[in-house]
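Input sequences plus hints: build the corresponding full structure.
Just so we're on the same page, this note's numbering is the position in the sequence shown counted from 1, plus 38.
Calculated from the structure, these hints are not laboratory results. Every residue, glycine too, gets a C-beta built ideally from N, C-alpha and C. Check the hints yourself; a few may be wrong.
Claimed, not checked - Calculated cross-link-like contacts (lysine-lysine; reagent style DSSO-like; alpha-carbon spacing at most 27 Å): (1) Lys122 with Lys93; (2) Lys149 with Lys93; (3) Lys149 with Lys51; (4) Lys113 with Lys149; (5) Lys51 with Lys113; (6) Lys122 with Lys158; (7) Lys51 with Lys158; (8) Lys174 with Lys93; (9) Lys98 with Lys122; (10) Lys51 with Lys174; (11) Lys113 with Lys158.
To be verified - Taking CB as the label site, the calculated pair distances span: (12) Arg159 with Leu102: 32 to 40 Å; (13) Asp47 with Ser87: 29 to 37 Å; (14) Asp90 with Gly43: 29 to 37 Å; (15) Ala45 with Glu156: 14 to 22 Å; (16) Glu175 with Arg44: 28 to 36 Å; (17) His99 with Gln50: 31 to 39 Å; (18) Gly120 with His177: 22 to 30 Å.
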Amino acid sequence: VPYSGRAGDLFQKVLASIGLSLSGTKSSGIYVLPSAPFRFVKTSEKKPSDLDLIKPFLEKHIELVSPRYLVLIGKIPSIILGLKDQFSVYKENGHIGFYNRTPVIEIEGMKSMITSPEGKRRTWNNLKLLREIMDKEGH
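Here it is, written out as structure tokens:
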């Protein structure tokens with residue numbers, strides 16, 4: 039579960055609005071990547087960045103889980119996975135990207151959703167698009 043407390047409640051409500059939950063079942067096939075999927079460590083300029091160090095672990099984790107759909111929270115997961123260009127031009131309209139043929143959406147982080155009407159709208163549009171794709175595929 040990527041959030042707790044009020045942010046967690048909001049996240050659960052956001053997912054429930056499209057008929058999904060974080061009940062622990064794998065039936066939906068959705069893998070949610072939080073904005074910081076691993077704890078970062080401070081590195082000097084002479085060492086590889088945290089994002090570069092995390093990438094192979096995250097790629098392997100996704101491979102092992104083999105989800106039907108990916109939901110990326112915030113910009114960091116798309117940067118790590120090299121998907122930034124797929125999402126950078128889309129502001130409010132729903133957009134589906136792909137990671138190794140797996141449909142991917144990017145939603146705003148909870149703070150952005152709480153404070154930004156644009157963030158809420160973008161997240162809502164992307165979640166609706168994900169739901170449409172899931173419905174077409176019978177999930």
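Taking the hints in turn, this is what the structure says about them:
1. Lys122 with Lys93: Cα-Cα ~14 Å, so holds.
2. Lys149 with Lys93: Roughly 24 Å separates the two Cα atoms, so the pair holds.
3. Lys149 with Lys51: Roughly 15 Å between the alpha carbons, so the hint for Lys149 and Lys51 holds.
4. Lys113 with Lys149: 13 Å, holds
5. Lys51 with Lys113: 21 Å, holds
6. Lys122 with Lys158: The hint holds at about 20 Å.
7. Lys51 with Lys158: The hint holds at about 13 Å.
8. Lys174 with Lys93: 31 Å, violated
9. Lys98 with Lys122: Holds, at about 19 Å.
10. Lys51 with Lys174: Satisfied, since the Cα-Cα distance of roughly 23 Å is no more than 27 Å.
11. Lys113 with Lys158: 15 Å, holds
12. Arg159 with Leu102: 32 to 40 Å: With Cβ atoms ~34 Å apart, the hint holds.
13. Asp47 with Ser87: 29 to 37 Å: 33 Å, holds
14. Asp90 with Gly43: 29 to 37 Å: 31 Å, holds
15. Ala45 with Glu156: 14 to 22 Å: Because 18 Å falls inside the window, the suggested range holds.
16. Glu175 with Arg44: 28 to 36 Å: This hint holds: roughly 33 Å between Cβ atoms.
17. His99 with Gln50: 31 to 39 Å: 23 Å, violated
18. Gly120 with His177: 22 to 30 Å: Taking Cβ atoms as reference, Gly120 and His177 lie about 26 Å apart, which means the hint holds.
Hint compliance for this structure: hints 8, 17 are not met, and every other hint is.
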